[in-house]
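Peer 1: Given the sequences, and given the hints that come with them, work out the whole structure.
Counting along the sequence shown from 1, when you hit position 14 you're at 105 in this note's numbering, and nothing is skipped either side.
None of these hints come from the bench; they were simulated from the model. Ideal placement from N, C-alpha and C gives every residue a C-beta, glycine not left out. Errors might be hidden in some of the hints.
Computed cross-link-like contacts, EDC-like style, restricted to lysine to aspartate or glutamate with a CA-CA straight-line distance of at most 20 Å [said to hold, decoys possible]: (1) Lys325 x Asp294; (2) Lys325 x Glu287; (3) Lys302 x Asp264; (4) Lys259 x Glu331; (5) Lys277 x Glu317; (6) Lys277 x Asp298; (7) Lys325 x Asp298; (8) Lys277 x Glu331; (9) Lys278 x Glu317; (10) Lys259 x Glu336; (11) Lys315 x Asp250; (12) Lys278 x Asp298; (13) Lys302 x Glu317; (14) Lys361 x Glu372; (15) Lys274 x Glu317; (16) Lys361 x Glu322; (17) Lys274 x Asp298; (18) Lys302 x Glu324; (19) Lys315 x Glu392; (20) Lys302 x Glu322; (21) Lys278 x Glu331; (22) Lys278 x Glu324; (23) Lys402 x Glu414; (24) Lys249 x Glu331; (25) Lys249 x Glu324.
Each pair of labels, with its calculated beta carbon distance range [claimed, not checked]: (26) Gly260 x Ser195: 40 to 48 Å; (27) Ser334 x Ile416: 38 to 46 Å; (28) Asn286 x Ala248: 16 to 24 Å; (29) Glu323 x Ile183: 37 to 45 Å.
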Amino acid sequence: MNATCNATGARPAAQISWRHNDREVLSNWQRTSSSRGTEDVTTYSTEAALTVQTREDNGTISCIVSGLEVLNDYKDQRSIAIGIAVTALAVILLGGILVIIFRSGFDRKLPQPPVSELPNAAVVNSESSSYQTLPCEEHMYYSTIKTMATHNRVFQAKDMCLIINLTKGLIYDRWMGTISVSKTDKKCVVITAVNESATQRADIHWDLFVKRVLELPHNMHLVKVEGICIEEEKLFLIQEHLSCEPLSSFLSNVEQQDYSLTTKYELHLKQRLTFARFILEGINILHSNGITCNLNVSAPESYLRKEYDQKSDVWSMAVVIWELITENSVFRSRF
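Peer 2: Set out below in structure tokens:
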């Protein structure tokens, strides 16, 4: 018995199998051809043939076509593909917008780095300096000095290195360290920061103090300010390092020289008055503006009644001169 089975106009191509009396048998041959219709739609036609020899008079031969029973039209497929592409682009665009919004919000929460420029400092020409003081009635007076602009720097933490701890005081900690001034050169400096206990005190204004120091004019009687550095929310003040000995040690050397008593006294007084003049020239710039006293001893009215004016500075300067000349404290019972 010969049997033929055809599947015409299928998309995709169909597969034909045979069953004889519920037993699967192989085709003698199977051919598939394709044809292109309208709108470039390709369809497939499959033909299979089977030849069997039957021993029974009755039986069944079944032709089974496998594959997709229904395939969407080409237009429908193209519409589905376009919809998927548009949806994917919309998801990508939405995701990008959400990432931008998240990052901008996250950046606003982070502490901002310091600006790369500090307030312009001033340079004092010692030969042509002029000072002017406001009336005593003004509580916040200051000296006006002929200035010439210069620039300080903000150093990165990687450019600063702490080497030796010089002082660990009640308010400030100081180190000797280095800063990188170029790719190959480093400079020795003194680095100062307020300690942890002092940050809890209401009368310590470290940030304001650093700002005032940065705004000071350059003067031969003041230590040069190199700049600042911020590391882990801690503000460091960086100043030049001077290789010198304490003033008291320097002055005591005169006492050890083999001079006559008169000469020794004259040198003693002359040196101290010279240093006093230098100190007063520096103090003339270091007014505290009523915030905190830069001198060792505050005037009584400043300490007891929080009153501050020019007379308070005169009183404090007198204490400095007294201690410098006598090498003793004015108030031994208090200190």
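Peer 1: Work down the list of hints and note, for each, if the structure agrees.
Peer 2: Consistency of the hints with the structure:
no., hint, verdict
1, Lys325 x Asp294, "holds, 18 Å"
2, Lys325 x Glu287, "holds, 10 Å"
3, Lys302 x Asp264, "holds, 18 Å"
4, Lys259 x Glu331, "holds, 19 Å"
5, Lys277 x Glu317, "holds, 13 Å"
6, Lys277 x Asp298, "violated, 26 Å"
7, Lys325 x Asp298, "holds, 10 Å"
8, Lys277 x Glu331, "holds, 12 Å"
9, Lys278 x Glu317, "holds, 10 Å"
10, Lys259 x Glu336, "holds, 19 Å"
11, Lys315 x Asp250, "holds, 19 Å"
12, Lys278 x Asp298, "violated, 24 Å"
13, Lys302 x Glu317, "holds, 13 Å"
14, Lys361 x Glu372, "holds, 17 Å"
15, Lys274 x Glu317, "holds, 17 Å"
16, Lys361 x Glu322, "violated, 45 Å"
17, Lys274 x Asp298, "violated, 30 Å"
18, Lys302 x Glu324, "holds, 16 Å"
19, Lys315 x Glu392, "violated, 32 Å"
20, Lys302 x Glu322, "holds, 17 Å"
21, Lys278 x Glu331, "holds, 9 Å"
22, Lys278 x Glu324, "violated, 24 Å"
23, Lys402 x Glu414, "holds, 19 Å"
24, Lys249 x Glu331, "holds, 19 Å"
25, Lys249 x Glu324, "holds, 15 Å"
26, Gly260 x Ser195: 40 to 48 Å, "holds, 43 Å"
27, Ser334 x Ile416: 38 to 46 Å, "violated, 26 Å"
28, Asn286 x Ala248: 16 to 24 Å, "holds, 19 Å"
29, Glu323 x Ile183: 37 to 45 Å, "holds, 39 Å"
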